[in-house]
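Visitor: Sequence:
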Amino acid sequence: MTAPLVYVLSGPNLNRLGTREPEIYGSDTLDDIHRAVVTEARALGLVADCRQTNHEGELVDWLHEAVDVGADVVLNPGALTHYSYAVRDACAIVTTSGRSLVEVHLSNPATREEFRHTSVVAGVATGTIAGFGLQSYLLALRALV
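Each residue of the sequence shown is one higher than the one before, counting from -11 in the working numbering.
Treat the hints with care, as some may be off.
[As the list claims (entries may be wrong)] Cβ-Cβ distance ranges computed for the label pairs, FRET-style:
1) Asp56 x Glu11: 35 to 41 Å
2) Ala110 x Asn42: 17 to 23 Å
3) Ser85 x Val133: 15 to 21 Å
4) Asp56 x Met(-11): 16 to 22 Å
5) Ala80 x Leu(-7): 16 to 22 Å
6) Arg104 x Gly33: 32 to 38 Å
If you are wondering where the hints come from, they were derived from the structure by calculation, not from laboratory data.
Cβ coordinates follow ideal geometry from the N, Cα and C atoms, glycine included.
Please construct the entire structure, taking both the sequences and the accompanying hints into account.
Guide: Encoded structure:
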């Protein structure tokens, strides 16, 4: 029996973690997050496919692909959270197909600049986890099981 697949998708600028505003995002790199996610997923009986892109269309394509392969999704859309209706609509395709999608954020957007207070993704996500740094990703995996 094959373990369930989870796409762990990260959007723009998250490849700069570890050096980008560590006072907000912490000192963990995206590689650190991916290693922790793969380890936690394995412990939970899941297989994690971790990816990052700075390109909106590529993220949309990956969300479509998740539906096509029957994968749940852990998604940190980065700044696309606040304005990308294309990403929002692709997330809706995931959740209306019967898959789960957990939106994650390293920081808590509600405590930051006002433009970060609105997520266009949250309304179609299964749930949202924010403000726990790297642990946000691991909590999202646990929520899926």
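Visitor: For every hint, state whether the structure bears it out.
Guide: Here is what the structure says about each hint:
no.	hint	in the structure
1	Asp56 x Glu11: 35 to 41 Å	39 Å, holds
2	Ala110 x Asn42: 17 to 23 Å	22 Å, holds
3	Ser85 x Val133: 15 to 21 Å	19 Å, holds
4	Asp56 x Met(-11): 16 to 22 Å	21 Å, holds
5	Ala80 x Leu(-7): 16 to 22 Å	20 Å, holds
6	Arg104 x Gly33: 32 to 38 Å	34 Å, holds
Hint violations for this structure: none, all hints satisfied.
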